[in-house]
Amino acid sequence: MSPESAMSHYIDALPYRDMIVGIGLDSLETDRPPLLFEDVFQRAREDGFKITCHCDVGAKDSLRHIAQVIDQLGGTGADRIDHGLHAADDPSLLAKVKEKGLGMTICPWGYLCYSGETQILERIRIIHDAGVKITIGSDDPAYMEDIWLNNSLYMLRELCRFTDGDLLALQKYAVDICWASTDVKTEILAELQEYQKQAL
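Just so you know, the sequence shown maps onto residues 1 to 200 in UniProt numbering.
A portion of the hints provided could be inaccurate.
Each computed DSSO-like pair below joins lysine-lysine, with the alpha-carbon atoms no more than 27 Å apart [said to hold, decoys possible]: (1) Lys50 x Lys197; (2) Lys172 x Lys185; (3) Lys50 x Lys185; (4) Lys100 x Lys185.
Since the hints were derived computationally from the structure, they do not count as laboratory data.
My request is simple: use the sequences and hints to build the entire structure.
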């Protein structure tokens, strides 16, 4: 998709803005940095939308893309990073992610199956231990060999030695970095607190 096509799609979606919370960018990133679509992200920011962007694992120039998403996208940086696992490779980038309070959506099974990268689980552990708010997702179970969220969480427990407390923290992060209303977040967090009292 060209930047012009992206803007056209964005404008076509505006009549339905009451059903849209945020605007994101995904698909192949080779020679297509996030800032190629900066006009769309600037417009989305001005129109009051949250913004996010994929920084796929194993993609060319991934660290440069992550830096653009953190600092520049939409004028001041995105509200979230989708994937972005290579931030673990650069302590200064990882520190910026934490400093800005950005959440990261992490889909470990997909990376293991399709990225060709090594040290996937080690990177997840580094990011989590740095105090960055990550949430674990299944991405697209129909595409990811029918692997769902519970499978990915079990993998983190077994292969990354995530504790019950770590897994609970991941669920709280998921609520914190989502773009639901405060009322919805409060209700879900109350359920998690109740679960913590009863089960942990």
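Hints, one by one, checked against the model:
Distance hint between Lys50 and Lys197 is unfulfilled; the C-alpha atoms sit about 33 Å from each other, more than 27 Å. Among the hinted pairs, Lys172 with Lys185 is consistent with the structure: their alpha-carbon atoms are about 9 Å apart, no more than 27 Å. Between the alpha carbons of Lys50 and Lys185 the distance comes to roughly 16 Å, so the proposed pair stays at or under 27 Å and holds. Distance hint between Lys100 and Lys185 is fulfilled; the C-alpha atoms sit about 20 Å from each other, no more than 27 Å.
Hint compliance for this structure: hint 1 is the single one not met.
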